[in-house]
Amino acid sequence: MQTSTSWRSFRMAAWLGWLIESNWTDPFLFAVYSIVKPLSGAAILVIMYGIITQGNYDSALFPYIYLGNAFYIYVGAVMTGVSWAVVDDREHYKTLKYMYIAPIYIPVYLLGRGVARFITGSIAVFITIAAGVLFLKVPLHFADINWILFIVTLILGVVMLALLGLLLAGITLTVARHEGFIGEATAGVLYIFSGAVFPLDVLPAWIRPIGYFMPTTYWLELLRRSLVGNVAQAFPTLANFTNMEILGILLGLSIFFGVISVQVFRYCDGIARERGLIDHTTNY
Amino acid sequence: MSNSLAIETQNLGRIYKLRGSKKETRKELVALQDVNLTVQRGELFGLLGPNGAGKTTLIKVLTTLLSPTSGWARVAGADVHAEPNLVRPRINMVSGGESSGYGLLTVKENLWMFSQFYGAPSKEANERIEALLEMVGMKDRMHTKSSDLSTGLRQKMNIVRGFLTDPEVLFLDEPTLGLDVGASRDVRKFIIEWLKADKERTLLLTTHYMVEADELCDRVAIINKGKVLACDTPSALKQRLQKDVTFEIETSPLNGLTPQMMEEQPEVKKAALTDIEGGARWKLSLVDESALARVFNLFAQKDVKVMNLNKRQPTLEDVFVDLVGRSMAEEESNERSQ
Ligand SMILES: Nc1ncnc2c1ncn2[C@@H]1O[C@H](COP(=O)(O)OP(=O)(O)OP(=O)(O)O)[C@@H](O)[C@H]1O
Ligand SMILES: [Mg+2]
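Here the protein sequences come in this chain order: A and B.
Going letter by letter, the first sequence gives residues 1 to 284 in the working numbering.
Going letter by letter, the second sequence gives residues 1 to 338 in the working numbering.
Since the hints were derived computationally from the structure, they do not count as laboratory data.
Just to be clear, a hint being listed does not mean it is correct.
To be verified - Some, not all, of what chain B presents toward chain A, calculated at C-beta under 8 Å:
| # | residue |
| --- | --- |
| 1 | GLY119 |
| 2 | SER122 |
| 3 | TYR209 |
As the list claims (entries may be wrong) - Straight-line distance between alpha carbons at most 27 Å, and here's what the computed BS3-like set of lysine-lysine pairs gives:
| # | chain 1 | residue 1 | chain 2 | residue 2 |
| --- | --- | --- | --- | --- |
| 4 | A | LYS94 | B | LYS108 |
| 5 | A | LYS94 | B | LYS238 |
| 6 | B | LYS189 | B | LYS225 |
| 7 | B | LYS17 | A | LYS94 |
| 8 | B | LYS225 | B | LYS238 |
| 9 | B | LYS139 | A | LYS94 |
Claimed, not checked - Pulled from the structure, derived: some chain B residues nowhere near chain A, Cβ distances all over 12 Å:
| # | residue |
| --- | --- |
| 10 | LEU254 |
| 11 | GLY278 |
| 12 | ARG281 |
| 13 | GLN301 |
| 14 | GLU317 |
Glycine included, every Cβ here is placed at the ideal spot set by N, Cα and C.
Hey, can you work out the whole structure from these sequences and the hints?
Okay, here's the thing in structure tokens:
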């Protein structure tokens, strides 16, 4: 009974999320959104890199930045994919209350709503990396890829991001205004502290611990290592750790944040029921 | 279920904390106060009250969307606050006057999705959807994107969503709000048929249309400012006022006849007068119908002709006025001006 409740919550939410996300009434806009946007983001980064390093694309820093930026697409996509469903259902479709009174698990439903963004995000990540390999000489050699590490890391990371999305969804539930910014803001902050486009060592020493505490830091590091091996180890931040150690840290932090997320969501859910926020619309 | 009560509340209260600007001290708004209600299985129960009375708040509490601040409520045998997961599979809810739904899905897709959230087998659900859409006269719009529906049709779709999952207890918050006369009639007819088909089905609806409550409901609770003022069958509520008999009589010009002269008659309790074109309209409260003879006598003495005579049945509106001291419309304009 419980598994079937979870499964139908997840399955139908994913179905719905996909129909909403892939609402290609305008295929051109969809292409812009899912292909041109990430590619132009990468292009800006590459040009800036070229200017700053005076065209030193052979440095290990280049794939570091390029891959970090590419995979970072998942952070925004999955986290906000989950948390945005609250805004969407509550404000736009006015269905959140009907979801709430249905015999489903709301957290599982919200996670399901994130699946579509994961899929479109994956397309964007793939295109960005493929462009990097084909046109920018990002040193990615198929034979050298540690596929097992890559897949395990990717799955673990996406689950971790989805759970962080749940945390944001909980907060979104209790905030009646400006809820749209929460996901973007969090993704922005994580971008700086997770070593996505520059190694943590660049940051002042007193700020670095924030980065060490973020699971995304280890996740991005492992993805780079699994794809381009020792290039990633050229940076001192995590060079002393083996892949397995980093995976262990990632797992530990993911569980830690996962538990926190579920607890925060429950707590916020309670607050939302107490204050009558589940069907609250701001009419903006 | 051994428990024959569909809904039961005990001293149910709900206070909203209002957060204004920072300087303002926090205010509290009592939306529900000491609500004690029991609704039997199989009943069509109405909540009748003006804007801001607390009807929606009560529905939100009963459908597990809002926690009570005092007292408790049980729906379909389970506590709405402590055991929402037991309540939810057994209920459904529709609020009128809003257009909810996923605009980019068709009517059928919207409904099918909700049926799946309730775990209904897909094929059965589709058959049910078609049958229900047929009943509300929307079958031809089944494959229309719901964003292309008029507001009224969207509301009908939403109402179908409520019935689709065949809940034990269904909550309809102003189901006919914003619907035209024909659509309202369809919905009311549909409600009655749905209840008739299974004696265990329970429906609670809110309305501020007196006639709707009177026509439809087995029992009505009149609610104002968060309090239940009376709760009974419509006819019992009206009977409370029926001690006197009220007549409305239109007459030709009065030739000096005054309400005072009328009230001097022993069996006339009250006489009120309004001028109308070419004469006057009397509103007379009589001890019983036989007093009408004296009234006619008096008219004859003054050579006043009776043009029209109406025995006035008390309405729920009269019950409301009797309980609150003001008409529902007055109560609402008062609420707005606050
Ligand atoms: N979320 C909220 N926060 C603060 N006050 C609220 C909230 N929801 C409702 N109220 C207040 O509680 C009171 C009862 O509102 P409610 O919506 O239950 O009335 P109602 O009987 O459904 O009215 P209507 O006929 O207009 O739908 C009103 O004074 C309303 O302003
Ligand atoms: Mg209401």
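Taking the hints in turn, this is what the structure says about them:
1. GLY119: holds, 6 Å
2. SER122: violated, 11 Å
3. TYR209: violated, 23 Å
4. LYS94/A to LYS108/B: The hint holds at about 18 Å.
5. LYS94/A to LYS238/B: Violated: LYS94/A and LYS238/B sit about 38 Å apart, past 27 Å.
6. LYS189/B to LYS225/B: violated, 30 Å
7. LYS17/B to LYS94/A: holds, 23 Å
8. LYS225/B to LYS238/B: holds, 21 Å
9. LYS139/B to LYS94/A: holds, 24 Å
10. LEU254: It holds; LEU254/B is separated from chain A by about 55 Å at its closest Cβ, greater than 12 Å.
11. GLY278: holds, 51 Å
12. ARG281: holds, 45 Å
13. GLN301: holds, 64 Å
14. GLU317: The assertion about GLU317/B holds, with a minimum of 30 Å to chain A.
Of the hints listed earlier, those the structure fails to meet are numbers 2, 3, 5, 6, in rising order.
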